[in-house]
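Chemist: These are the residues of each chain, in order.
Number of protein chains: 2
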Amino acid sequence: MFANRIENLIESPVREILKVIDRPGMISFAGGLPATECFPELDVSSVKSAHLQYGPSEGDDELREQVAASLTERGLKTAADRVLILSGSQQGIDLVAKLFVDRGTGIAVEAPTYLAALQVFDLFGAEYISYTADQPETGNARLTYTIPTFQNPTGHCYNEAQRQALALACDRSGSVLFEDDPYRDLVYDDCDRTPICSYVRNTEWIYQSSFSKVYAPGLRLGYLTCSEKLFPHLVRLKQAADLHSCRISQQLILKLLQANNGRNQKLTTFYRQRRDSFDLSLTASFSGIADWQRPVGGLFYWLTLRPEFAIDTREILKRSIAAGVAFMPGEAFYPRGVKAVPSLRLNFSHASPQAADDGLYTLAKIIRTACEGRV
Amino acid sequence: MFANRIENLIESPVREILKVIDRPGMISFAGGLPATECFPELDVSSVKSAHLQYGPSEGDDELREQVAASLTERGLKTAADRVLILSGSQQGIDLVAKLFVDRGTGIAVEAPTYLAALQVFDLFGAEYISYTADQPETGNARLTYTIPTFQNPTGHCYNEAQRQALALACDRSGSVLFEDDPYRDLVYDDCDRTPICSYVRNTEWIYQSSFSKVYAPGLRLGYLTCSEKLFPHLVRLKQAADLHSCRISQQLILKLLQANNGRNQKLTTFYRQRRDSFDLSLTASFSGIADWQRPVGGLFYWLTLRPEFAIDTREILKRSIAAGVAFMPGEAFYPRGVKAVPSLRLNFSHASPQAADDGLYTLAKIIRTACEGRV
Chain A
458 MFANRIENLI ESPVREILKV IDRPGMISFA GGLPATECFP ELDVSSVKSA HLQYGPSEGD
518 DELREQVAAS LTERGLKTAA DRVLILSGSQ QGIDLVAKLF VDRGTGIAVE APTYLAALQV
578 FDLFGAEYIS YTADQPETGN ARLTYTIPTF QNPTGHCYNE AQRQALALAC DRSGSVLFED
638 DPYRDLVYDD CDRTPICSYV RNTEWIYQSS FSKVYAPGLR LGYLTCSEKL FPHLVRLKQA
698 ADLHSCRISQ QLILKLLQAN NGRNQKLTTF YRQRRDSFDL SLTASFSGIA DWQRPVGGLF
758 YWLTLRPEFA IDTREILKRS IAAGVAFMPG EAFYPRGVKA VPSLRLNFSH ASPQAADDGL
818 YTLAKIIRTA CEGRV
Chain B
458 MFANRIENLI ESPVREILKV IDRPGMISFA GGLPATECFP ELDVSSVKSA HLQYGPSEGD
518 DELREQVAAS LTERGLKTAA DRVLILSGSQ QGIDLVAKLF VDRGTGIAVE APTYLAALQV
578 FDLFGAEYIS YTADQPETGN ARLTYTIPTF QNPTGHCYNE AQRQALALAC DRSGSVLFED
638 DPYRDLVYDD CDRTPICSYV RNTEWIYQSS FSKVYAPGLR LGYLTCSEKL FPHLVRLKQA
698 ADLHSCRISQ QLILKLLQAN NGRNQKLTTF YRQRRDSFDL SLTASFSGIA DWQRPVGGLF
758 YWLTLRPEFA IDTREILKRS IAAGVAFMPG EAFYPRGVKA VPSLRLNFSH ASPQAADDGL
818 YTLAKIIRTA CEGRV
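Residue numbers (our numbering), protein chains in the order written: chain A, 458 to 832; chain B, 458 to 832.
Honestly, the hints are just simulated from the structure, not real lab data. One thing to keep in mind: the hints can contain errors.
Heads up, the list lumps identical chains together, so a pair's fine if it works in one copy or across two of them.
The calculated PhoX-like cross-link candidates involving lysine-lysine, where the alpha carbons are at most 25 Å apart (straight line), are [to be verified]:
id, residue 1, residue 2
1, K712, K775
2, K822, K505
3, K712, K534
4, K712, K505
5, K686, K822
6, K505, K723
7, K775, K796
Please model the entire structure based on the sequences and the hints provided.
Modeler: See the structure below:
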């Protein structure tokens, strides 16, 4: 009775985990939740009754202009009339998948990559080709999906040569480049963040980002820009999806962008401290158990368990949650069919430093205990 | 380079019209815009920083409970855990289409029907079977889409027998009933508004409505409930589409629902007056040119031109807009491939009574003039 695509619609493991992270006392490394204490004050005084009416599918003009200016500033030349306001960047993935993905369409992805992007691509029947930053072979993929800056889940940031190489690979193969850049403003150390789309010469491209990480996810607001030919299609798909995005959210974000009150700097200082203290706690609890790179931005650590501790972390998740610690097993970030991978993703931004330290200690202990049980 | 479905993604005629209705001095009968003077005051005092965080895909619990109570009150028994908050009811159409529609899937629709529903069904490759309130033959359609209460565009309201007959037809054929009910609270005369889904005995069903018409479309908020088996699938599709709906909007709507300050009655009094004065103006300008039924609720008049004035109104739309009057040609509301139909839809809620009177006079004159040119 259902459409064929529903075969591919599986319960997301994240949903199961997100259901428990609100439990009192739970230390959550699971979500990509920004720290609640960093949320902005909302200035609702500028919301007028005109903003309660239906609005344009593309988004409100003032906000589109602000976004276009900011995109141009970060090296991606565009114009307000090629900016589409989204109901969060998750929606951009839905629209792009509708535009390009038939059953069997090849998409080049990093493995691991953002699990909710895989969920959408799966729904529309995608097949995957996997590439790496060092070997950007996109094969005959119609679409190439990338999170080059503070990747989810690995935290990896492409250097300049890797960025140019991926753009070149897409130009050569004609694969459409879809760059997802939600974390770029959460930068803690010096690194290259030039949009890869700015290096593209002739293939089509889409670049999207989000207001969720720097401002507030509850407002559900993001944006995309793209090569000229794609824009009218994406606007129509947006219209069919939800007519337009919440206009109160658009006004609130516009005011926050215009205030330009050093918020980014305060935020990155706060998150940098969280990362640094998380790093110390990781070293204290996980030395000898796992390896990791300190991320230069974003919200995540990606741990790879050493061979002697290389368990399937899905098997300890229940025990860990029962002990008050939630995390994301690595498997969720791979295209379907992946076997166990000895990796896990830890968010470092949400828990307080003390809670994080306690949680990491508990988690390491659970992993050690699980390995003692192995012969 | 695009997915096959993009062949079916045509520029909506509405978009073209909506672009011009903001022009100063334009008298618009085109959109389904609620009257701006009826928008509520927003009480933002209850918005807490917790509402700025990510939230559940299903929607916030308090709002879901409020909606479930209101659904049960209107005769459709459901529970909060089977209520899904939507980013406007347009999103419900997208989710339901994803759940049921493959290329070639049959959908039973009234013709004419809501054009943006056709747009979504087209995108996923639907084929159409058309039925009427008096002959609810849904054939082998997998899905039956209906707007039984103040239908868009005709304004028709099903009586009790028609409601039961459509439910029975779906029960017999096994077609899933998808009831779209955004206008139900805009009721001006006595009539039956019992949800058809409440008559269903064994087929699966989805019922959706919107906060756009009674409160504010700019908040982009609606909701659905459905038979048990469908709910988990629709939640996953919602998660893949935009994670969850704007939580500020959810809080604002919750407060408005809780205030329960006689808003509905004031609103219907206002709109009833608009309808009545529109009716007088119609009679003054369109007697002898067109026929219509006075709608007992909703936002629209549906005019059928008499044989001697039966022109394709798409051909006079430009002239009409140039003269400062926008309307919707009837063809947009029929499944693709329809030839000219001598009908047009007029929204009566947005223009002031004086502007509406002027606009109808102008429009009638343009139609008369166009017909003089015919031999």
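Chemist: Each hint: holds or not?
Modeler: Going down the list of hints, with the structure as the test:
{"no.": "1", "hint": "K712 x K775", "verdict": "neither (43 Å within a copy, 38 Å between copies)"}
{"no.": "2", "hint": "K822 x K505", "verdict": "neither (55 Å within a copy, 37 Å between copies)"}
{"no.": "3", "hint": "K712 x K534", "verdict": "within (23 Å within a copy, 42 Å between copies)"}
{"no.": "4", "hint": "K712 x K505", "verdict": "both (13 Å within a copy, 18 Å between copies)"}
{"no.": "5", "hint": "K686 x K822", "verdict": "neither (54 Å within a copy, 41 Å between copies)"}
{"no.": "6", "hint": "K505 x K723", "verdict": "between (30 Å within a copy, 21 Å between copies)"}
{"no.": "7", "hint": "K775 x K796", "verdict": "within (19 Å within a copy, 61 Å between copies)"}
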